[in-house]
Amino acid sequence: MNRPTHWDENKTLEFVSFIAGEQSFCIEITQIREIRRWTPVTALPHADKAVLGVINLRGAVIPIVDLTEQLSLGASKPTERHVVIVVTLGDQTVGLLVDAVSEILAIDVESICDAPAISRGTSGDCILGLVSVDDEMSRILALETILPQALDDAA
Amino acid sequence: MPIDNLKDMFFAECEELLEQLSEGLEAMEAGEADAETVNAVFRAVHSIKGTAGAFGFAHLVGFTHHFETVLDLIRSEQLTAELDTMRLMLRSSDVLSDLVEYARSRPDEQPANMEATKAALVAICDEAGAATAEPPSIAKQSATDAAEAAMFEPVAFEPSALDTLAGLELPQGKARYEVTFTPEDKFFSSGHDFERLLSELGKLGDFTCLADTSKFPHLENFDPAMCYLTWVFEIETEATAAEVLDAFMFLEDFCSIRELSMPPMASGLPPLDLDTGKNEGLALAAPSVVPEVSGATNSNAGQTSTPKVSPSTVAVASPNQGKPEKSSGAVAAKGPMLRVDPERVDRLINTVGELIINQAVISQRIVASGLDNNSDLMGDLDDFQHLAREIQESVMAIRAQPVKPLFQRMQRIVRETVEALGKDVVLATEGENTEVDKTLVERLADPLTHMIRNAIDHGIETTENRASSGKSPHGTIRLSAAHRSGHVQIEIADDGAGVNRSKVFEKAVERGLIEADAKLSDAEIDNLLFLPGFSTASEVTNLSGRGVGMDVVRTAISQLGGRVAINSTPGQGTVFTISMPLTLAVMDGMVVEIANETMVVPLSSIVETIRPEVNDIHNIGPNGKLLSIRDAFVPVVGLATMLGLANEDCDPVDGVLVLVRSDADELVALSVDDIADQRQVVIKSLEGNYGAIPGISAATILGDGRVALIIDTESILNKIGRKGNDSSGSKETANEPADALG
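Each protein sequence line maps, in turn, to chains A and B. All residue numbers for the first sequence refer to our numbering, where the first residue is 1 and numbers rise by one. All residue numbers for the second sequence refer to our numbering, where the first residue is 1 and numbers rise by one.
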C-alpha cells in the first residue's frame, strides 16, 4: 500500500492507538475529529453488516462502522463501554466503533514498517503500516479502505 | 485591489443591468414603454459597454457598441421600434447576456450568433441613415469615440472649443478612464500624500481632476486632520485600467475606475453624467464651489482648467436632459441591496436548523422532567419556540428569490423556439414576484425549459391549423407562479390542441409501454407522457424531442420534493401544474413507528391515514394484501420488510395504514406500526457521509436528538413496480461517496 505523501522520512507523526477485537490499531491524529461514548444508533435499511446505523453528531448525520466487523474480526456487541472514534477523510465524516482507546503515540516515520506481503488478505489490505510499541505491534489503519462505500451493490 | 474582485463586481452588476434590459425591452415590445423605459434600456447597455471596455472584453464592447447605437436611434426617435426591430432588440439582448457569460467563463470564444446579430444591427443602422463606426476593438478606441461623439451631436448641446483635453480625437492606442477616488477620513493622518498621487498619475498621461467638496463641513465643525474630499480624475493614457489603479498604490480600495466610452465634454455635457446617474448625483449635490484642479505636471491640462464645469452648467444641463435624472432618483429609492456570499447564508441556515432541533430537545427534556404546565419555565419555553420559528422563517426569506429571472429566461426560450419552428407564440407570465428558495429557482430552469419547448413544439398547433379551428392565429403560453398553502405552484398552460390521446395511446403500445387492449382513462393516457422513453413527436425535432422525455422533467421535479400533474382538454390546450415546497431545508412530515424505528413520511405525499378493520384487508397471493377503501382496492406495502428492518410486517389491522399518492396518481397504503407525531423536520442529507439509500430520501433529527430517516415514497412506489413496466431508469441512486475518498 502506498504511503501518504506527507509521510516524510524524518518526520515524527502522532497517532492515536486503540483496541478493536483484541488487536491494537492506530490512526493518525490529524484524521480524528473527536472520540465519544457509544450511543444508540438509528439503523439504516439495506446497509452493509458493518454499518451499524447513523447518529446525530451535533446536527450532522454520520454513519457508525463496526470496525471489527469491517476488518472481518467478528461483530461487536456495542455497550456503554465502547467508544466511537469520529474520523474525517475528505468531506466524509464517519464514526468507528472500537473497544477502547489506549494512548497517543509519537512515531518517527522511518520506524514504520510496511505490512508484509503475507498479511495481504481481507483485513490485511486495510493496514497502511506497522509500528512496534513496547514490544507490542500496532497496525496503522488505511482509513479509505474501511469507510462505507455508498453500498452501490445493495442499491 | 485585485482585478478579479473588480471583475466579480462587474459581472454582478451586469446581471442586474441585463435584468433591467430585458424588462425594459419587454415593456417596449408590449408597447407600454415611455421614453423613460427606452432611456433605461439604453443606459443598461451603455453601462455594460463602459465597464466591459475597462476590462478589455473586446467582443462585449464591439457588440454593445452597435446595440447601443440602434437603441440610441430609437431613443432619439430617428427609428421607430417596429415589430421586426423589437425582435432584433430582444435577440440582441439574448446575445448580450451570452456574451457576458462568455466573458466570465471563456473569454476567448464568442457566441455563435453574435456576428449575424451584429450584422443585423449594423444593417438597421445604415437603413436609418446613421453613421456607424467599426466595432471598437479596444485599441481603436479613438475611432469609436469619434463616431459616438458624432452620434451624440443631435442632443441639444454644442461642442465646446474649450474642451481641448476632451477633444473629439483621441490619439491611437490611448484610452480615457474616469477614476473616482473617495479616500477615507484618515487619509492625511495615515501618511498619504495627495501630491504624490498627482505626480504618479501625471506620469501616465494628461488628466483633469475635479474635487467634490460637498462633504465639507461648516468651519466650526472642520477638523483639519480629516479628509472631506472626493476626487474625480479623468485621465487619457496608454496605460491599462490596472496600471492606472497602480498609481493609487495602497489606496485602490477607495477608487472606482471605468473607461469612458465617450469624450467627456464633447457634447457640452458635464463630464460626470450621462450613464449611471451615480456621478450625476454627485455633481448635482456639489455646492457652489466646485473647483477644477488641473494636473500638476501637465501644462496642456492646465489650459483645460476653465470654470466651464461649474455648478451652474451642471444645473442647466441636467434638467435639460431631464429623464435620466428622474430615473436616478427612482434607482435610489429602491434602496441599496446587500450582496452576500450564498455560502454565508447557507451556514446561517444550517445553524438555525441546529437551533430548532436543539430547542426541540430542550422542550422534550423539560416536559420529561414533569414540570407543571403552568409554570413560568413552560411559558418561557413557548416564547423561545416562537422566536426560534421566527428566526428560521426570516433566515429562509433571505434565500427566497422572485421567480422573475427564471421567467425571463423562459421568454428567451420561447423566442428561440418560436424562431426555429416558425410558429407564432407569445409567453404571458403571471406572479413573477412569487418568491421561492434560490436553489429551487435554479434547479427549476431545466425542467421548465423542457416543458416550454414541448408546449410550443407539440402543444401549440401551426398557424394554419389554428386558423382552421377558429382560434386566434398566435398561440399563447401562460406561465404563472403562486403560493398555495405552503407550496409554490407553477403552471404552464398552452392554448393548443391538447393531448392527442389516440396518438399517445398508439405510441405507448408501439413502445411496449402498455398492452394494446389496455383500457385507460383519459387522465391515465395523459400520464403516459411521463413514462420513461416516451416521445410523441413523430419526427425528432432538434428542439424538444431529444430522447429526453417528460419523465426526466418529472424526475427532476420530484428530486426537488415537488410534483407535476397534467390536465388536458382536447381542442383547448394542456395545463402542466408543478407543485413545489418553498424550501429544500425543512418539510412537514408525519413521524411514524416502524419495527421499533422512528421514521418520517413526507406530509406532501400523504392522502390520509386509516386504522383498518379486519374486513377491509384482503389477501392476494402468498403475501400480498389489498386494502378496500371506498370501492377501490389499494395495495398494502409493509415498510418494515421493504426496508429490511424486520423479517415480518405487523398485521395491518394492528397498525396504521398511511395512504400515499404517487406522482403518477396511484394510491398505495404503507403499513406502519403507529403514528407518533406530525411536525416540521429539518432535512439532513445522508449522501455526504454515507451515500444514497434506496427508499430513503434523507434523515432528520428528532426532539430527543436521535436520527430519524425520511421515507422516499416515490422510490418505494417505484420499487413495488408500477403497471409492470420497468421504471428503473427514473430513479438514480448514483451517489458516489467513493469520490470523497479520492
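In short, the hints are calculated from the structure, not lab data. From the three backbone atoms N, C-alpha and C, an ideal C-beta is built for every residue, glycine too. Please note that the accuracy of each hint is not assured.
[As the list claims (entries may be wrong)] Covered stretches of chain B, as calculated for chain A (at least 3 residues, CB under 8 angstroms):
{"no.": "1", "segment": "47-61"}
{"no.": "2", "segment": "350-357"}
{"no.": "3", "segment": "643-656"}
{"no.": "4", "segment": "681-693"}
[Unchecked claim] The list that follows gives simulated cross-link-like pairs (lysine to aspartate or glutamate, DMTMM-like), each with its CA atoms no further than 25 angstroms apart:
{"no.": "5", "chain 1": "B", "residue 1": "K438", "chain 2": "A", "residue 2": "D91"}
{"no.": "6", "chain 1": "B", "residue 1": "K438", "chain 2": "B", "residue 2": "E593"}
{"no.": "7", "chain 1": "B", "residue 1": "K471", "chain 2": "B", "residue 2": "E461"}
{"no.": "8", "chain 1": "B", "residue 1": "K438", "chain 2": "B", "residue 2": "D522"}
{"no.": "9", "chain 1": "A", "residue 1": "K77", "chain 2": "B", "residue 2": "D704"}
{"no.": "10", "chain 1": "A", "residue 1": "K11", "chain 2": "A", "residue 2": "E69"}
{"no.": "11", "chain 1": "B", "residue 1": "K507", "chain 2": "B", "residue 2": "D457"}
{"no.": "12", "chain 1": "B", "residue 1": "K507", "chain 2": "B", "residue 2": "D551"}
{"no.": "13", "chain 1": "A", "residue 1": "K49", "chain 2": "B", "residue 2": "E648"}
{"no.": "14", "chain 1": "A", "residue 1": "K49", "chain 2": "A", "residue 2": "E22"}
{"no.": "15", "chain 1": "B", "residue 1": "K423", "chain 2": "B", "residue 2": "E390"}
{"no.": "16", "chain 1": "B", "residue 1": "K507", "chain 2": "B", "residue 2": "E432"}
{"no.": "17", "chain 1": "A", "residue 1": "K49", "chain 2": "B", "residue 2": "E461"}
{"no.": "18", "chain 1": "B", "residue 1": "K719", "chain 2": "A", "residue 2": "D48"}
{"no.": "19", "chain 1": "B", "residue 1": "K438", "chain 2": "B", "residue 2": "E127"}
{"no.": "20", "chain 1": "B", "residue 1": "K203", "chain 2": "B", "residue 2": "E238"}
{"no.": "21", "chain 1": "A", "residue 1": "K49", "chain 2": "B", "residue 2": "E593"}
{"no.": "22", "chain 1": "B", "residue 1": "K7", "chain 2": "B", "residue 2": "E184"}
{"no.": "23", "chain 1": "A", "residue 1": "K77", "chain 2": "B", "residue 2": "E13"}
{"no.": "24", "chain 1": "B", "residue 1": "K404", "chain 2": "B", "residue 2": "D382"}
{"no.": "25", "chain 1": "B", "residue 1": "K174", "chain 2": "B", "residue 2": "E200"}
[Claimed, not checked] Computed beta-carbon distance windows for the label pairs:
{"no.": "26", "chain 1": "B", "residue 1": "M337", "chain 2": "A", "residue 2": "G90", "range": "43 to 49 angstroms"}
{"no.": "27", "chain 1": "A", "residue 1": "W7", "chain 2": "B", "residue 2": "T577", "range": "57 to 63 angstroms"}
{"no.": "28", "chain 1": "B", "residue 1": "A445", "chain 2": "A", "residue 2": "K49", "range": "41 to 47 angstroms"}
{"no.": "29", "chain 1": "B", "residue 1": "T641", "chain 2": "A", "residue 2": "I104", "range": "45 to 51 angstroms"}
{"no.": "30", "chain 1": "B", "residue 1": "L603", "chain 2": "A", "residue 2": "S132", "range": "55 to 61 angstroms"}
{"no.": "31", "chain 1": "B", "residue 1": "G379", "chain 2": "A", "residue 2": "K49", "range": "56 to 62 angstroms"}
{"no.": "32", "chain 1": "A", "residue 1": "S132", "chain 2": "B", "residue 2": "K7", "range": "53 to 59 angstroms"}
Verification of the supplied hints:
1. Given as covered by chain A, the segment 47-61 of chain B fails the check, having 0 residues with a CB less than 8 angstroms from a CB of that chain where 3 are the minimum.
2. Look at the segment 350-357 of chain B against chain A: 4 of its residues bring a Cβ nearer than 8 angstroms to a Cβ of that chain, three or more, so the hint holds.
3. Counting residues of the segment 643-656 of chain B whose beta-carbon sits less than 8 angstroms from any beta-carbon of chain A gives 3, enough to reach three: the coverage restraint holds.
4. Counting residues of the segment 681-693 of chain B whose C-beta lies closer than 8 angstroms to any C-beta of chain A gives 9; at least three are required, and the coverage claim holds.
5. Proximity of B:K438 to A:D91 is assessed by CA-CA distance (about 24 angstroms); at most 25 angstroms being required, the pair is judged to hold.
6. With a C-alpha separation of about 34 angstroms, the suggested pairing of B:K438 with B:E593 is violated against the 25 angstroms cut-off.
7. This hinted pair checks out: B:K471 and B:E461 have alpha carbons roughly 10 angstroms apart, not beyond 25 angstroms.
8. For the proposed pair B:K438 and B:D522, the alpha carbon gap of about 36 angstroms is over 25 angstroms, so the pair is violated.
9. For the suggested pair A:K77 and B:D704, the alpha carbons sit about 23 angstroms apart, so the restraint of at most 25 angstroms is met.
10. Distance check on the hinted pair: A:K11 and A:E69 sit about 33 angstroms apart at the alpha-carbon level, beyond 25 angstroms; violated.
11. A threshold of 25 angstroms between alpha carbons decides the hint, and for B:K507 with B:D457 the separation of about 17 angstroms falls inside it, so the pair holds.
12. In summary, the hint linking B:K507 to B:D551 is supported, as the alpha carbons are separated by about 15 angstroms, within the 25 angstroms threshold.
13. Simply put, A:K49 and B:E648 have alpha-carbon atoms about 19 angstroms apart, close enough for the 25 angstroms limit, and the pair holds.
14. For a cut-off of 25 angstroms, the pair hint linking A:K49 to A:E22 stands: about 20 angstroms separates their Cα positions.
15. For the given pair, B:K423 sits about 49 angstroms from B:E390 by alpha-carbon distance, which is inconsistent with the 25 angstroms threshold.
16. The hinted pair formed by B:K507 and B:E432 fails the criterion: a straight-line CA distance of about 37 angstroms is larger than 25 angstroms.
17. Note on A:K49 and B:E461: the hinted pairing is violated, with a Cα-Cα distance of about 58 angstroms set against a maximum of 25 angstroms.
18. Restraint check: the Cα-Cα separation between B:K719 and A:D48 comes to about 20 angstroms, which is no more than 25 angstroms; the hinted pair holds.
19. For the given pair, B:K438 sits about 44 angstroms from B:E127 by alpha-carbon distance, which is inconsistent with the 25 angstroms threshold.
20. Note on B:K203 and B:E238: the hinted pairing holds, with a Cα-Cα distance of about 11 angstroms set against a maximum of 25 angstroms.
21. Annotation: proposed proximity of A:K49 to B:E593 holds, straight-line Cα distance about 23 angstroms (limit 25 angstroms).
22. For the given pair, B:K7 sits about 23 angstroms from B:E184 by alpha-carbon distance, which is consistent with the 25 angstroms threshold.
23. The hinted pair formed by A:K77 and B:E13 fails the criterion: a straight-line CA distance of about 60 angstroms is larger than 25 angstroms.
24. For the suggested pair B:K404 and B:D382, the alpha carbons sit about 38 angstroms apart, so the restraint of at most 25 angstroms is broken.
25. As the CA atoms of B:K174 and B:E200 are separated by approximately 17 angstroms, the hinted pair is consistent with the 25 angstroms bound.
26. Here the CB-CB span from B:M337 to A:G90 is close to 36 angstroms, at odds with the stated 43 to 49 angstroms.
27. With their beta carbons about 59 angstroms apart, A:W7 and B:T577 fall inside the hinted range of 57 to 63 angstroms.
28. At about 42 angstroms, the beta-carbon gap between B:A445 and A:K49 stays in the expected band of 41 to 47 angstroms.
29. One distance hint, 45 to 51 angstroms for the beta-carbon pair B:T641 and A:I104, holds here, with the actual separation near 46 angstroms.
30. At roughly 59 angstroms, the beta carbons of B:L603 and A:S132 sit within the given window of 55 to 61 angstroms.
31. Take B:G379 and A:K49: their Cβ atoms lie about 49 angstroms apart, and the range 56 to 62 angstroms is violated.
32. At about 57 angstroms, the beta-carbon gap between A:S132 and B:K7 stays in the expected band of 53 to 59 angstroms.
Comparing the model with each numbered hint stated earlier shows that hints 1, 6, 8, 10, 15, 16, 17, 19, 23, 24, 26 and 31 do not hold.
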